[in-house]
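Q: Sequence lines, in order, name chains Y and W. When you line the first sequence up against our numbering, it's residues 14 to 278, in that order. When you line the second sequence up against our numbering, it's residues -7 to 389, in that order.
You can trust all of the hints, since none of them are fake.
Across the chosen pairs, the derived CB separations fall in these ranges:
#1 W:Leu189 x Y:Asp43: 53 to 61 Å
#2 W:Leu20 x Y:Asp91: 43 to 51 Å
#3 Y:Glu252 x W:Arg166: 54 to 62 Å
#4 W:Thr138 x Y:Asp258: 52 to 60 Å
Worth flagging that the hints you see were computed from the coordinates, not collected in a lab. Every residue, glycine too, gets a C-beta built ideally from N, C-alpha and C.
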Amino acid sequence: MNTTSPRETVIEARGLCNRFGSQSVHEQLDLDLFRGEILAVVGGSGSGKSVLLRSIIGLRRPNEGDVRVFGQHLSQLDEAQRSRVERRFGVLFQKGALFSSLTVTENVALPLIEHAGLGRADAEHLAGVKLALAGLPLSAADKYPASLSGGMIKRAALARALALDPDILFLDEPTAGLDPIGAAAFDQLILTLRDALGLSVFLITHDLDTLYTITDRVAVLSQKKVLVAAPIAQVAETEDAWIQDYFHGPRGRAAYLATQALKEV
Amino acid sequence: MLWDGALARLPDHMELMTTTVTSANATLDTTSSPACLRITGDWTLANYASLKLCTAGLAGQYDSMTRIELEQLGKLDTAGAALLVELLGTERLAQLAETDTHLPAASRALLQTVYCSLHDYCIPVKAPEQAVLVQLLERIGSAVDTLKQDTLHLLGFVGLILATFGRLLLQPKRWRLTSVVAHVEQTGLNAAPIVALLTFLVGAVVAFLGATVLVKFGASIFTVDLVAFSFLREFGVLLTAILMAGRTASAFTAQIGSMKANEEIDALRTLGLDPIEILVIPRVLALLIALPLLTFLAMLCGIVGGGLVCALSLDISPAMFLSMMQNDIDARHFLVGLAKAPFFAFLIAAIGCLEGLKVTGSAESVGAHTTSSVVQSIFVVIVLDAIAALFYMEMGW
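Isolated chain Y, as found in the complex:
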């Protein structure tokens, strides 16, 4: 990929500070998401990955600094404009966050009915398409979230995130709790959707296989800011104890070797 030519940013976070009481999570954090790329954010537990996600999508007002999405400040928009921007987000929450009082199909159909103005029958039909796309078995479509397995919840939540064909997809640990086959299929699905729809993907993950197979850039969140944001090969070479442990520990090496093997085939 060409990283030297100027690229359009869809998300621009500048000087972000997030504090909880006296505890500071982010200090002067800068991060860009370019159009059409898959950016993975990694960091130790408690390094504020989810907080960063919440600040970007406007669920949390950062203590300092600002976030521009499509060149606009979310916090400065009025309600209608903001809703229009938010419609271009697809968010997959860590635990799925499916509405427990609606069936899986209804969960996916809800944004279609509310925002795309489709009739109920059309919306549920299209919801079926999205569920198929996310790889959810047919039998799960009429179930309630409480009776789904963890992997199915992830897929259903992805289908809901994709409902409005968003421009930016936010994924919070999408492959956590999936079996390796499911996780690999999930990675492939995200890659295909990105290619086909030109999605920009903001991905929080601990899955080293995902990092090596689908990401364009990896941003490492450490010491309250983005330590480095670059293609994975470059990140893995960075002189930092945590990064070295992360990418060159036994799991990191295994994932790296596996990707190399894949590339040779």
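We have chain Y already, so just place chain W on it with the hints.
A: Frame of chain Y; chain W shown alone:
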């Protein structure tokens, strides 16, 4: 690389927000030979409704000989791709996606993804709804069945509590006094102000009612008897029990239910601990202690409320009120009222805990069972009170 193509023809969304969306269409040109199906415009979610109509109109009007032109296809998203799959069928589209060179690589990849996932996947057709009458009967039937099941469960659970309690009685080391005291504080002490206030007000209201009605017969002095009888025998214990059903049964269900939803109960079991012994017995014991005490408080406050109204509007002085109570009212009435308290307490706590244990996985289930526990415990309290009233009447107490 594959997706560089995607970048090149990315829709400019900022522009899209200000300009109108290009209209999309599918037209069948029968004049040419072979016939030609033209797919034009943006096949996106914004055009979904009109495209749906359009494709429905075209269904069955073309065959495998029809040439399909995709040159003028604009933007394509998953909704549009799904419509194309439905319009053309997966096989035809698979063929097109592989051979049609006019189509950008990204759109081809999208079409492939969509038809691969829609292959072997038919959107379910909902079973037709049954007639209203059948539905009504079905619901009545299932409600009766639920009532039966609930009753059986409750009886079984009461047995389980008694058995566990009996077993623990002989092993003082396993009594969880701290837990019991904490629950007495929560259910008893913390509830005292609200119980006192409510019964005081009801006592005043009963006295007002008595004064209004009895004054016509010149018997307003008997307001004292009315207040004392009603609070000692019925209102004291009944009001307290209903308050406890609303306040404590729901709290028990929510506490135990959220533990159940969080798999904490399962964790207790795997640690070889008995959830009944650890969670249920202390709560039942605590309510067995708290409810009679609160009942006593309720009786006092109700009588004080009644006495105040008597003093202010009927000119019955507190001293006279007390001496009338002493003359007319046996200690028997107090005992008869108080005797009901432990039974109410036991059932309220049992229902609260049982509903908590019935919670399944979701947070929604916690809410549903909390509602159910309040309704059930109030119902049981009132039914039991009615039975007790009949029993006392027959016994002449």
